[in-house]
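Number of protein chains: 2
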Amino acid sequence: MATTETRRRADAERNIAAILDAALVLFTEEPQSSMVAIARAAGVGRVTLYAHFPSREVLLEAVLDRTIAEAGEVIRKAAPEEGSATEAFGRLLRTSWHVLNQHRKLFELAQRELGPVRLRQRHREVVDHVEGLLARGRLEGVIRSDLPMTWLVTTVYSLLHAAAEDVNTGQLKADDAADVLEATLLPALKS
Amino acid sequence: MATTETRRRADAERNIAAILDAALVLFTEEPQSSMVAIARAAGVGRVTLYAHFPSREVLLEAVLDRTIAEAGEVIRKAAPEEGSATEAFGRLLRTSWHVLNQHRKLFELAQRELGPVRLRQRHREVVDHVEGLLARGRLEGVIRSDLPMTWLVTTVYSLLHAAAEDVNTGQLKADDAADVLEATLLPALKS
DNA sequence: GTTAACTCGAACATACGTGTTCGGGTTAAG
DNA sequence: CTTAACCCGAACACGTATGTTCGAGTTAAC
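Chains A and B, in that order, give the protein sequences. For the first sequence, the positions run 1 to 191 when the UniProt record's numbering is used. For the second sequence, the positions run 1 to 191 when the UniProt record's numbering is used.
Keep in mind that the hints were calculated from the coordinates and are not lab data. It is possible that part of the hints are untrue.
Any copy will do: because identical chains look the same in the list, a pair fits if it lies in one copy or spans two.
What the hints assert, rightly or not - Distance condition first, Cα-Cα at most 20 Å in a straight line; then the derived DMTMM-like pairs of lysine to aspartate or glutamate: (1) Lys173 - Asp146; (2) Lys105 - Asp65; (3) Lys77 - Glu131; (4) Lys190 - Asp146; (5) Lys105 - Glu81.
These numbers were taken from a predicted model, which means no experiment stands behind them.
Using the sequences and the hints, build the whole thing.
If you want it as structure tokens, here you go:
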């Protein structure tokens with residue numbers, strides 16, 4: 001870890017942050033966004049963008065890394081191993097369902113543009129949190145064991161994504177999302 | 001309906017079918033596929049493609065129309081109003097889950113490239129079948145009424161999509177998909 | 001205030017996708 | 001067998017995205 005690289009000037013660091021912010025938004029809501037669009041959204045010249053991120057690919061990877069790190073942080077804070085698995089699951093949904101969703105949309109893009117291989121390990125890092133929670137639920141006897149674990153995880157992520165889309169299109173109110181998700185997922189997952 | 005247009009030669013008709021077949025596959029599994037790729041996959045020259053479908057947009061619309069017609073046919077045959085809603089639902093999943101999924105992936109693309117407006121009505125045409133089935137289930141008291149109907153429909157389509165993806169990546173066996181879907185959806189939807 | 005880091009517009013090279021035209025070669029249909 | 005429909009490669013015009021280079025202007029840092 002540590003402060004690798006040469007020390008950057010303050011405005012450079014600010015721009016890099018702005019670029020990553022803008023890129024995250026654009027990539028998730030319009031995956032084919034051009035570098036020009038990202039630069040504009042970040043309030044930065046195109047050349048500056050390329051100065052920090054030599055290629056679209058590098059930029060995507062950077063955004064991915066940053067988002068995964070953040071998501072890991074949020075999940076770790078919101079859903080430790082306290083309480084029953086059911087409680088912890090509800091807490092997870094309530095505090096971080098939109099983070100998990102961003103995460104998911106970004107992965108669809110990364111899978112297409114970076115290939116599945118360079119994704120697996122990083123993906124693991126976050127999925128494991130959900131998978132671990134479900135595994136604990138199985139031990140406690142509240143989560144079903146008649147379906148493969150991978151499918152249960154898929155179910156969670158899939159409905160998370162669906163809820164976010166319904167919120168986007170106005171079919172579902174954002175405030176209701178977590179409740180609706182919990183009401184749908186618990187019966188689907190419980191043993 | 002009738003045989004509109006001038007009568008086409010047999011080989012032309014064959015090519016058109018091949019193009020629509022190839023386009024359906026490519027559009028659903030790689031939405032940004034180029035016209036060149038589609039022509040190659042159809043075993044047809046690029047010029048021939050443009051001769052039949054003057055633009056990418058027209059081609060997409062044609063594929064959409066054809067798929068919706070097929071899907072409507074399949075669903076109508078497989079899931080009439082016979083038996084209980086639960087039974088009919090199982091039958092629907094077992095006979096047409098992959099059709100419904102193609103349908104869904106194609107719509108994601110069409111929504112992006114054709115805009116949401118030109119889609120609604122055609123979308124309705126197919127979604128109504130699922131929605132109607134769920135509505136009947138509510139009357140029979142087997143489908144929950146505590147969540148919005150739109151969300152229930154979303155849930156069905158979303159998991160359909162997820163199952164197809166898991167089959168693609170090898171995490172789920174194609175033969176198990178319908179069973180797994182039913183085992184997940186019924187508890188999630190039942191009252 | 002000097003310097004080195006940084007920004008940014010303009011312009012260029014390159015690649016790829018779309019859609020069109022031309023002309024000769026095939027092939028189905030009568 | 002004759003003809004009209006059809007196929008298809010080559011080439012062109014056009015647009016747009018990616019990266020790169022140049023040079024001049026700003027600005028943070030010491």
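These are the hints, each one checked on the structure:
For the homomeric pair Lys173 and Asp146, the shortest alpha-carbon distance between copies (15 Å) is at most 20 Å, but the shortest distance inside one copy (33 Å) is not. For a Cα distance limit of 20 Å, the shortest separation of Lys105 from Asp65 inside one copy, 14 Å, qualifies, whereas the shortest one across copies, 28 Å, does not. Taking the shortest alpha-carbon separations for Lys77 and Glu131, only the intra-copy value of 16 Å comes in at or below 20 Å, while the best inter-copy value is 39 Å. In the homo-oligomer, the alpha carbons of Lys190 and Asp146 lie at most 20 Å apart both inside one protomer (10 Å) and across protomers (19 Å), since each shortest distance falls under that limit.
In the homo-oligomer, the alpha carbons of Lys105 and Glu81 never lie at most 20 Å apart, since the shortest distance is 27 Å inside one protomer and 37 Å across protomers.
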